[in-house]
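Asks: Assemble the whole structure, with the sequences as input and the hints as a guide.
The residues making up each chain are set out below.
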Amino acid sequence: MSQAQERLSWLWIGLLALLGMALIPFSQWAFGINYDYTLRNVALGGALLGAVTGFIGCFAVLRRESLVGDTVSHAALPGVAIAFLLAGRQMSLLLLGAAASSWLGIQLVQGLVRTTRLKREAAMAIVLAAWFAFGLALLSYIQNRADAGQAGLKSFIFGQAAAIIESDVQLIGLVGSALVALVVLFWKEFKLITFDIEFARADGHPVNALSVLLSTLIVIVIILGLQLAGVVLVVGLLIAPASAARQWTQRLEKMVILAAVFGALSGGSGAVISALDADIPTGPMIIVAAFTIVLISLVFAPQRGILWARRRVAPSQDA
Amino acid sequence: MNNISAYALEIDDLTVAYNSKPALWDVDLRVPQGVMMAIVGPNGAGKSTLIKAALSLVPRTAGTVRFFGQPYDKARSMVGYVPQRSSVDWDFPTTALDVVMMGLYGRLGWFRRPSKATRQAALQALDQVGLADFAQRQIGQLSGGQQQRVFLARALVQDASLYFMDEPFAAVDAVTERAIVAVLHALRARGKTVIVVHHDLQTVSEYFDWVALLNVRLIASGSVANTFTQDNLRRTYGGRVALIDQHNENIVQLPNTASAQAVGFGD
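The listed protein sequences derive, respectively, from chains A and B.
Using the numbering used here, read the first sequence as starting at 1 and increasing by one per residue.
Using the numbering used here, read the second sequence as starting at 1 and increasing by one per residue.
No wet-lab data here; the hints were simulated from the structure.
Incorrect hints may appear among the rest.
[Stated by the list, open to error] Straight-line distance between alpha carbons at most 30 angstroms, and here's what the computed DSSO-like set of lysine-lysine pairs gives: (1) B:Lys74 with B:Lys116; (2) A:Lys254 with B:Lys116; (3) A:Lys154 with A:Lys254; (4) B:Lys21 with A:Lys119; (5) A:Lys188 with B:Lys74; (6) A:Lys188 with B:Lys116.
Replies: Structure, rendered in structure tokens:
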């Protein structure tokens, strides 16, 4: 790719981001949506979360850890329920419980792989299902108790954007910026261990520490997205924008920016749509938006898209 | 600094076992500085494992490894590594130039971005392997041979004294094979030591001057002239040597011609 094309593609990404921001005044004008205090929080929270998950998700996709992400998120549910039983509805404690529960689940996966003949995917699927089932059982137990304040808990399954308040948005913004800053700081090391971990090890990089750090960032971003997108679908917000972005570019630098833009578009629009009616769960709306972008990317992207492949085959068939 | 030991690589009593089945058994190996050595042996003989165990990429069950008389931690900057091409995903979104620059990340240190000088060094290495025009190409759009040469260029920028290469000639085109051999000989001319996992017995005496015959145990090692004999090959490959005799008659004759060919390379 020449320098001119290179600059042009950055221009496209910038235009797309501007277009995404224009969605807010456009929806005000076209659908008469009123961005009150609540909806502003929802839109901002969704977009911020999508941008961060899209950015970090690129590494999950390239390291082939999509299923790990899914296990982490599902395994968080019993932690949320137990934290609620112990301490009531306090967001920071709920997320801490989620993280602890996910961590235990992943440890069990690794223990199973080490000590039994189970393959990694099988071990992950078993832990994912078992933890999620346990979480669901705990949730129905909690719901059967005569206790107010439990209402919000169910939103952890499919996500609930309408429940987002300003402090949640601040938390997403703060933690998200820290995560992105860490990735930027360790950019070349993360790129190296993602591409060729053996060479990195032989060249003397502290591969184990870097690998743990990168996985930790991925886990944190998943936990961060639980309340908004839900344990079932948050992994989609991690994987879909990155997969779509990969279709349009051959550079990791561009892929992460584009994935952040795609993630912000999906997260923001999905959250706003779901917040218009309390019956629409947020996770599914976000994923429908993200999947639309993936679909368009898989079909229309130059070079890697299905249409492009057709076009290249066609002339040789005529000849 | 290179004169701490006459040997580029000293391996003592090296044993590596996967699931209690030995992949390498009690290997003692001395590699003098400045040689180009082929590691040959049948499939499953532990050739790649020997390299990986030396570089601490797989855990050793027993044994010690020293580079220029020093443990690996002290000698890292003197050791370069070319992994098997199939060990990475070539669909990774990056360019040939970028991959070569990865060879300099260690020297750059934390938080530093690649500079103009880094780029320049990487471009020069790409030029050396004949890929100057492909610097900005995404690595998945390169042929297998070109990808192998990108890996070689990445090792070149490391500017090591001892190079390990894991099957650099596996499934590459003739142009690439010639380019790699030329680079290897240029390295030897500068006094570097090169250790290569090699499959093609026919080219051993043409490309290399030193050889290690391996089949879990080290059967023999030394100059190609003295070591690459029919007798040693039979001991290395066991019953399978009959196959080699049948398909490559010249292998059987190698011991007679090896000494002449080992020094007489050049085209």
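Asks: Is lysine 188 of chain A within 30 angstroms of lysine 74 of chain B, Cα to Cα?
Replies: Distance ~23 angstroms between lysine 188 of chain A and lysine 74 of chain B Cα, so the pair holds.
Asks: Does lysine 254 of chain A lie within 30 angstroms of lysine 154 of chain A when you go C-alpha to C-alpha?
Replies: Not satisfied, since the Cα-Cα distance of roughly 37 angstroms exceeds 30 angstroms.
Asks: Run the distance test for lysine 254 of chain A versus lysine 116 of chain B: straight-line Cα separation, threshold 30 angstroms.
Replies: holds (20 angstroms)
Asks: Mind checking the alpha carbons of lysine 188 of chain A and lysine 116 of chain B for me, to see if they're no more than 30 angstroms apart?
Replies: Holds, at about 16 angstroms.
Asks: For the pair supplied as a hint, lysine 21 of chain B and lysine 119 of chain A, confirm whether the alpha-carbon distance does not exceed 30 angstroms.
Replies: Holds, because 20 angstroms separates the two Cα atoms, which is no more than 30 angstroms.
Asks: Under the criterion that the straight-line Cα-Cα distance not exceed 30 angstroms, is the pair lysine 74 of chain B, lysine 116 of chain B satisfied?
Replies: holds (29 angstroms)
Violated hint: 3 only; the structure is consistent with all others.
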